[in-house]
Amino acid sequence: MKKIPIAVEDFKKIIEENYYYVDKTKFIEDILNDGAEVKLFCRPRRFGKTLNMSTLKYFFDIKNKDENRKLFNSLYIENSPMMKEQGKYPVIFLSMKGLGGLNWEVAFGGIKSKIKELFRKYIFLSETLDKYTLIEFEKYLIKDFDEATTRKALKFLTEILYKHYHQKVVILIDEYDSPIMSAYENSYYNEMRDFLKSFYGDVLKTNEYLQMGVLTGIIRVAQAGIFSDLNNFISYTTLNDEYSQSFGLVEDEVKTMLDYYRIGYEMLEVKKWYDGYSFGKSDIYNPWSILNFVQFKVLKSYWIN
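Each residue of the sequence shown is one higher than the last, beginning at -18 in our numbering.
Just so you know, these hints were derived from the structure itself, not from any lab. Glycine included, C-beta positions come from ideal geometry on N, C-alpha and C. Among these hints, one or two may not hold up.
[Claimed, not checked] Computed cross-link-like contacts, DSSO-like style, restricted to lysine-lysine with a CA-CA straight-line distance of at most 27 Å:
id	residue 1	residue 2
1	Lys38	Lys136
2	Lys95	Lys178
3	Lys(-16)	Lys7
4	Lys149	Lys112
5	Lys51	Lys(-7)
6	Lys69	Lys144
7	Lys186	Lys78
[As the list claims (entries may be wrong)] Computed Cβ-Cβ distance ranges for the label pairs, DEER-style:
id	residue 1	residue 2	range
8	Asp256	Ile123	51 to 57 Å
9	Tyr2	Phe277	47 to 53 Å
10	Lys262	Ile104	45 to 51 Å
Can you make the complete structure from the sequences, with help from the hints?
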């Protein structure tokens, strides 16, 4: 019997280590059929945003593409015409989760550390860079770079990835709004807003090296106030019917899971407890609550806790 993936958000780990997986790979097909170059998905916490972003990473990433292709065996996307896009693009996957602090200096230090960590994943690029580009690249690896340098980090990374692979780059930014929520709570909102407006805007707007940008978060773009200059952008909230079944679980998915774990007889009670969300026109169950119920067989408010 498959393991229950409570708090397991890495798609590869779920597939390779025999965790139960609800097939959401139609999300990939929908993303590719969507004409918007940059897409933001706003959903509450614990609705599978990070897992979906991880799935996109393993699908698109040109690095280890043959190994990653096996992860999608027997899933919806394997038989889609869009499978031809698998392993085709360099991918930048950046999680902003947990970035923040009591003041701007602390928060900015955390962002710089995150950028250094990101660039170290691409250290192999240093072998093919010209000497001038290498100097710029090494700033992000070993030096205490300034705010202006940090603002252009993602744009610079897309450029060198494009030149290395001769393919445009897919940008995935998970929990884009985590730093700005911390900034609002700790009274340095303006500094963080202005920084993120440039940090995200430079890489997502009129970037000739960008294939696609996908972001997730909790707050709507209008509330954040940092994407006002983007004209290639669509924000999908819980009010949109598009992608309404891509995050969270629909009733058939819940019933199938309960049957698999031989507790299908609990479906009526599960529906009373956890069928409390509407995304677009779809009734949605919170996956965090369902997984915890399957694990512990106790009906209670897991999501609130």
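Pair hint Lys95 and Lys178, alpha-carbon separation not exceeding 27 Å: holds, 17 Å
Restraint check for Lys38 with Lys136, where alpha carbons must lie at most 27 Å apart: With a Cα-Cα distance of about 18 Å, the restraint between Lys38 and Lys136 holds, given a limit of 27 Å.
Lys(-16) paired with Lys7 [C-alpha distance capped at 27 Å]: holds, 23 Å
Cβ distance range 45 to 51 Å for Lys262 and Ile104, holds or violated: Roughly 47 Å apart at Cβ, these two residues keep to the hinted range, so it holds.
27 Å Cα cutoff - pair Lys51, Lys(-7): Measuring from Cα to Cα gives roughly 10 Å; hence the hint holds.
Restraint check for Lys186 with Lys78, where alpha carbons must lie at most 27 Å apart: Within the cut-off at roughly 23 Å; holds.
Whether the CB-CB distance between Asp256 and Ile123 falls inside 51 to 57 Å: holds, 52 Å
Outcome of range test on Cβ distance (Tyr2, Phe277; 47 to 53 Å): At 20 Å between Cβs, range violated.
Hinted pair Lys69 and Lys144, Cα distance within 27 Å: holds, 14 Å
Restraint status (C-alpha distance of Lys149 to Lys112 at most 27 Å): Holds, at about 23 Å.
The structure shown violates just one earlier hint, number 9.
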